[in-house]
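Chemist: Sequence:
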Amino acid sequence: MSTQSVSLVFLSTATAICIAIIYHLLSAKKKPIALDPTSFKAFQLISKTQMNSNTFHFIFDLKNKDAVLGLGLGQCIVIRAKNPIDGKLVTRSYTPISRLDATGKVELLIKVYPKGIVTNVMKNMEIGDSIEMRGPKGNFSYTPNTLSKILMIAGGSGITPMYQVINEIIRDPTDKTKITLLYANIAHADILLHKELDELAEMFSERLEICYVLEKEPENWNGEVGFITKDIITKYTEKVVSNTKALLCGPLPMIKAMETHLVDIGFEPAKIISKPQDHIFKF
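Take any residue in the sequence shown, count from 1 to its spot, add 303: that is its number in our numbering.
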């Protein structure tokens with residue numbers, strides 16, 4: 304082979320390698336992050352759907368179709384709104400239900416309370432209106448395959464951080480951690496993300512178990528009835544809980560009762576402010 308031919312082969316190979324490297328770098332390029340942890344940014348409402356008597360599904364535009372929100376697992380955002388009565392700024396924290404790698408938009412499922420300033424401002428928003436957000440916020444952390452089980456106990460709109468965590472963990476094929484969700488509501492119509500949760504439980508039946516608990520029992524109900532008791536928790540929990548982590552989110556009276564039940568069956572007492580390593584973590 305002539306020197307010229309060798310040079311051409313070398314040049315072609317080098318060019319191919321360079322193209323491959325450039326493609327890899329471009330593919331691996333981090334997506335732009337929409338949120339700022341220290342300052343608020345305004346995001347426009349592009350969809351609002353009423354899910355039941357007091358809960359709404361909101362979708363906000365992230366301004367860049369390639370941008371991600373920038374949250375880690377179990378983290379939330381802070382929303383700021385102006386009190387329409389006195390003009391003061393009020394902040395509240397919410398966990399999105401969209402996937403962490405979702406681009407271009409963020410989805411929120413929010414329960415509106417009669418005296419909730421931020422939730423009522425959002426309820427009254429029109430398509431095209433904007434609201435301010437910053438983040439991420441929260442110190443939850445998780446390492447795959449370090450736990451045998453995660454026990455989640457949620458009440459009402461407290462399902463939102465659980466749904467986010469379930470969606471990410473359960474879709475990781477390398478993670479063998481099992482999840483049990485005990486989800487309490489007053490009536491059947493109050494169950495949020497019911498269809499989505501059932502679909503996940505069916506798709507990942509070997510790793511995800513869901514138990515719905517209702518105060519008001521409907522006809523043909525095969526779930527639990529009443530409140531989440533120590534007996535119900537014991538029924539869905541491993542006999543040895545040392546390698547099980549409990550996650551709690553819901554109304555304060557419920558959380559206090561759940562802490563007592565969990566300690567009674569062997570969990571370490573919860574801290575006032577939860578840390579990632581805690582046996583019981585409260586969102």
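If you're looking for bench data, these hints aren't it; they were derived computationally from the structure.
Don't be surprised by glycine CBs; every beta carbon is placed ideally from N, CA and C.
Check before you lean on any hint, since a few could be wrong.
Unchecked claim - Dumping the calculated SDA-like pairs for lysine to any residue here, alpha-carbon to alpha-carbon at most 20 angstroms:
{"id": "1", "residue 1": "K418", "residue 2": "T358"}
{"id": "2", "residue 1": "K414", "residue 2": "I336"}
{"id": "3", "residue 1": "K344", "residue 2": "K391"}
Unchecked claim - If you anchor each label on the Cβ, the simulated ranges turn out as follows:
{"id": "4", "residue 1": "T352", "residue 2": "I575", "range": "23 to 31 angstroms"}
{"id": "5", "residue 1": "D567", "residue 2": "L376", "range": "27 to 35 angstroms"}
{"id": "6", "residue 1": "K385", "residue 2": "P447", "range": "26 to 34 angstroms"}
Chemist: Does each hint fit the structure? Answer for all of them.
Modeler: Results for each hint:
Restraint check for K418 and T358: satisfied, since their Cα atoms lie roughly 14 angstroms apart, inside the 20 angstroms limit. For the given pair, K414 sits about 27 angstroms from I336 by alpha-carbon distance, which is inconsistent with the 20 angstroms threshold. For the given pair, K344 sits about 18 angstroms from K391 by alpha-carbon distance, which is consistent with the 20 angstroms threshold. For the pair T352 and I575, the supplied restraint of 23 to 31 angstroms is violated, since their beta-carbon distance comes to about 37 angstroms.
Take D567 and L376: their Cβ atoms lie about 29 angstroms apart, and the range 27 to 35 angstroms holds. For the hinted restraint 26 to 34 angstroms between K385 and P447, the CB-CB distance of approximately 42 angstroms leaves it violated.
In terms of the numbered hints stated before, the structure departs from hints 2, 4 and 6, listed from lowest to highest.
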